[in-house]
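Visitor: So the chains spell out like this:
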Amino acid sequence: MAEYLIQTVGLPEWLAWSLMAGLSAVLILNLMAGGALVFIWAERKVSARIQDRLGPTRTGGSFGWLQSLADGIKLLAKEDLMPAGADGMLFRVAPYVSFCASFAAFIGLPFAFDMVGLRLNVGVFYVVAVLGLEVFGVILAGYASASKWSLFGAMREAAQVVSYEVPLGMCIVVPVMLAGTMDLVTIGEKQAGWFTNWYVFHDPFTFVIFWVYVTCAVASVNRAPFDLAEAESELVAGFHTEYSGLRWSFFFMAEYSSMFLVSGLAAVLFLGGWNGPIPVASLLGLSDGTGDTTGVLVRLVGLGNLLGKATLGVLIMMWIRWTLPRLRIDQVMTTCLKYCTPIAAVMFAGAMTWLWVFPGGVLDIDTGSRRPGEIREGWLDGPGGRGAAAVSTPSSVPNNAAVAEVAE
Amino acid sequence: MSQVIDDDPRIIEFDVRTDEMLVNMGPQHPSTHGVLRLVLRTDGEIVSEIEPHIGYLHRCAEKIGENVSARQFIPYTDRMDYLAAMNMNLGWSLAVEKLMGLQVTEKARHLRVLISEFSRIASHLVGMGAYGLDLGTFSPFLYAFREREKILDLFEEACGARLTYSYITVGGLTADLPPGWLARCEAFLDQFEPVIREYHTLLTTNAIFVKRTAGIGVLSPEMAINYGCSGPVLRGSGVDQDMRRDGESIYTAMYDGYAFEVAVMKNGHYPQDHVYPAVPADAVLGDCWHRFFVRMLEVVQSMDLVRQAIDRYSACSGPLGEPVKVAEKLPKGDVYLETECPKGQMGFYLVGDGTAIPWRVRARSSSFSNLSVLAELCHGCLIADVPAIVGSLDIVMGEIDR
Amino acid sequence: MRGPAFLESLEAAVPGGVVGTNLEALDPWVEVAPGAIADVCRWLHDAPETGFDSLQCITAVDWFEADPKKAAKAGWEPHLELVYHLWSTAARVSLVLKSKLPRWKDEVQGQPPEVPSVVGVWRTADWHEREVFDLSGVVFVGHPDLRRILCPEDWEGYPLRKDYEMPLDYHGIRGR
Amino acid sequence: MIGTLFGVSSLLAATSGGINWHSFFFLLFALLACGLAVAVVLADNVVRMAFYLVLSLGATAGLFFLAGAEFVGAMQLMIYVGGTLVLLIFGVMLTAQEPFVAIKTPARDKVLAGIVGGGLLAVLLQAAFTGPAWSEAPADMAERTLGQVTQPSATPLGMALVGVRVDGDVASGERSPADGNVRSGYLLPFEIVSVHLLVVLVGAAYLARTKRRKAVAIARDESTTGGVR
Amino acid sequence: MNLLSDPVGVSHYLVVGAILFTTGVVCMVVKRNALGVLMGIELVLNGANVNFVAFGSPVLRGEQASILGLDGQAMALFVILLAAAEAAVALAITLNFYNNHATVDVDRADDLKG
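Chains C, U, V, E and L, in that order, are what the protein sequence lines are.
Heads up: the first sequence at position 250 corresponds to 308 in this note's numbering, and the numbers run straight through without jumps.
Heads up: the second sequence at position 169 corresponds to 173 in this note's numbering, and the numbers run straight through without jumps.
Heads up: the third sequence at position 160 corresponds to 155 in this note's numbering, and the numbers run straight through without jumps.
Heads up: the fourth sequence at position 221 corresponds to 225 in this note's numbering, and the numbers run straight through without jumps.
Heads up: the fifth sequence at position 107 corresponds to 122 in this note's numbering, and the numbers run straight through without jumps.
Some hints here could point you the wrong way.
Unchecked claim - Simulated pairs of lysine-lysine, PhoX-like, Cα-Cα distance not exceeding 25 Å:
id	chain 1	residue 1	chain 2	residue 2
1	U	67	V	65
2	V	95	V	64
3	V	65	U	336
4	U	270	U	67
5	U	67	V	93
6	U	270	V	65
7	V	100	U	333
If you are wondering where the hints come from, they were derived from the structure by calculation, not from laboratory data.
Note that this is a predicted model, so its numbers are computed, not measured.
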């Protein structure tokens, strides 16, 4: 599209690129913010239904679907309070740090084939690394608030997130190993076909490790039963005790978009990414790899698939939250160090062995579509594979920190 | 070898050198059940000392009692344990009746049993739901309040109020039940019985719940008695004492002919008259889980009592009797009577000087004594355990501060 | 062991402790000399045949009549009465101890009377004695931490005394 | 702010005929990295120092991404920034008590350090511009779009770490594994680093472990340190 | 020279590396807080890393870098790993020092002084 602007409209190159960069950034930002609004509304409705209530019913019609927006306006109008003893600079910056980390991680998450903010060949690594920075804002907030409850919340969060990164990393390594690449787009691509190609069903070990991933993901985004950093019955509100108004809502948005992100990551890594359980498109002889209208339409369906899977993940997290009591800090650490980490390690070894014993896979149903293993990082094979095509045609990879083909 | 070292008092363990921190939990804190202020001295997450500060809800009820007549004091008793106001009314009425030597009619007796046991269910529902809230799960709270609302609806039909009833009063009750009430009550009980199983699934037997409560805040029976604990807190420690069975005759006479089990672990097991969930392996007698479980059992026992009371009450043909006059003179003398309220033994001490207005009124509240054991229980626990322990004591600040 | 036999053994254990009894009252009571209250309680708690292992309540009753006409008819001298309600969980019996104190120590207005603390016997006495100290103005000698409990720490006066006057003003809050 | 940015950039573009986006982002990240590094030196509060340090390291990671070292960049984010995070936490823990929030440095030390640092910087800068080849960008730089990855780095890096070289002269065909004179991979260093990390983990755990000591010894210890707790 | 339009070369990266290195050294010298010194070390290593990456960068050096291959990046990786290890040990030492002296002021670490 940038080329279109340059060639047809005649814009200067730099302007075209910056326009596209801005558009992509706006798209991702809106996905985050809009997603957060939707999820906050959904959380209210889901919790209400779980608890025999109705939830919001008035604002914006019978389902109260404008409730989050109304809340947002209320938060905007609220006074931005800061405790007298707070470290002003850090206190003000902390919510944005959290939010930016969450936002930056979205850049690496593919929403459909090649619909990605920036296609990195270390995609998974990047997403996990950046997501881990979210805790940074929380610690700063806890420290800067000059409140003991905030400090407790921050220290809990730090201990918890740093610990859970270990099993989380091990879980993520397994799909990377199966795909032979850290490129999220290729990982998603390799799970094309019937749902049996999804990595969660690849072998028993990946099935187990998927659930370990779910546990660790819930813990790393601080959702119940691991929401110790903001445990309201113990720490008042934890790290955001002293926050109000817009800054508080930034934490809130960061939390919800992180939930969405880890769910999306789970979908890409384990649940086939943008590929539906039944390869309708490839059965019809369509491909999402082509640049024409059909290709774009198929990709849009894929986008729907991925968003659906990610939303399902978020809904499950809500379900868990409104059902289970909260764990204690030592029990959270025990869960991580004594259960998740060893299980993840064993499953990792198991998956490795499996790959060695059954290199072609056991449940290898020939679907007529691309088979797993056919797609490799192109530069090793030379031209031929689709991955190669994507890498070797520079024009199709707009390279900029935030330029995306989402815009196409 | 290592055992020897462990026991050597001269050897101490130390970790990172840390400073102790004073943290104020409350008076405005989500899990202190009202306006309780706890000053925690913590080393990191570990609480080394805890000091409760009370009195934020002190309304001079005892002083007021010296200025109003015995019947006029009834509304003030409502405001003590406002979650089980019926039981408070009953305690005061019985104390005054003991002083005056009154005997209520048979019908009033059964109605009092019915109402006070029903009120016990309502109170324990709050205790259970709020305990879930303390442990970080929100839904059981609303499930509990859903059922409690139905009980309050029934109370409203009977006396017109939903929280502060002033229904049971000196000499009887202010009104008889409206027609059809008993049928609705039975319908509620039938509907409520399976709901208890849901509570057990969501809380009592939930793995995380058990992890959070089993072995936490263990209160030995000796300590419980020494601290004057009563009610579910005492029975949770395995002390078999229930004023409905062991109390003074004027109170136990009310329960004459009623069959119920005292919810306490005797001979290594809880009563077996109904199917209850098994005690988890981690639970130690006297810990938070047992205190919670005793409450859950009492709900079932109270349901049995309510059913029995419904039968007896409907079998009674006599009059309900009239309450005493508002300005009825009290005889000279003093009485003390403890009744078994949902939170524990509520005692009223009353000194009459021959006028209608008591010379001295004293309310001994169960939560007051139950809370005083908190400092002992919380020694060395984690911050997250503090709400768990406070919640398991099931205190009501209105009763503590009076 | 009830009635007279019980009193005899109590008298033998703490000579001079019991100064009067009323076994006909609704709640029969034993009057104990103020100085001996801790010893009596200790004996009642420890002695195997009694075993009053639980203290239910401590109450102070202020016997004071401001109106001189009524005071003349009252039939008692102004005094404070401490009432202890004991309970035995094993025997399931209760016992009432009473003890008469002067309203003020050494007749000095504002100087609360003193009585031995029973915290060493029952830990629950801790808060109950604090409450009595707070509201009725009795100093329990030997209490580990005798502070006001329900009223603010800087509150003046003892609200449950019959001659207590509500302050006109407390930190700018209108009292009356 | 974004408006200003675009305004400035379009102004510059108008004067010089277009922005090189690589240069633009390089400038952005370089200024951030250097500015925040200076802020680390100037800050007194440990937590603020750590905050600046993390941002500086993050900006450096951005530079790595720009230079085509994606894996190193991600690694930097994950490990370096994560490691600093732990520093930060300790900073918070140790400074939760007032006296240690800021340990002031004498002005004399600052001046001295400034002189030494300035000299060092001068030498280094001079060195940076000595190599003529270093100063000029590759010929095709201008044509290349910003951030375009010439070749993925993660897999060859991983292979190099396990001892197989597929990059450099092997990729360009100057040498081949068959010749037997391929430069070695990094298997040995990799192993050493792994063992090293393990040793460090054990050692750190040992150093910071819960210790047992006789209470008498503690008392003496307290008296020598003035019993400061 | 217009920084925004001219292509960036290795020298530019070297300048950044030099500045990071120098600030790191100054930080190590100036700070009395043990954690501050640690941060100085991190900055120094980071500056070195910038140089490694720049020299090995195919983007910056084109054909010249292909001889080096990924050596520069591999070196940077090892530096990062060792820095992490160093941070762990240094933190443990700091913690121990704090346990014994109740301060993190390195000027107080003079137990060996005669």
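Visitor: Work down the list of hints and note, for each, if the structure agrees.
Guide: We went through each hint and held it up to the structure:
| no. | hint | in the structure |
| --- | --- | --- |
| 1 | 67/U x 65/V | holds, 20 Å |
| 2 | 95/V x 64/V | holds, 23 Å |
| 3 | 65/V x 336/U | holds, 16 Å |
| 4 | 270/U x 67/U | violated, 42 Å |
| 5 | 67/U x 93/V | holds, 21 Å |
| 6 | 270/U x 65/V | violated, 56 Å |
| 7 | 100/V x 333/U | violated, 34 Å |
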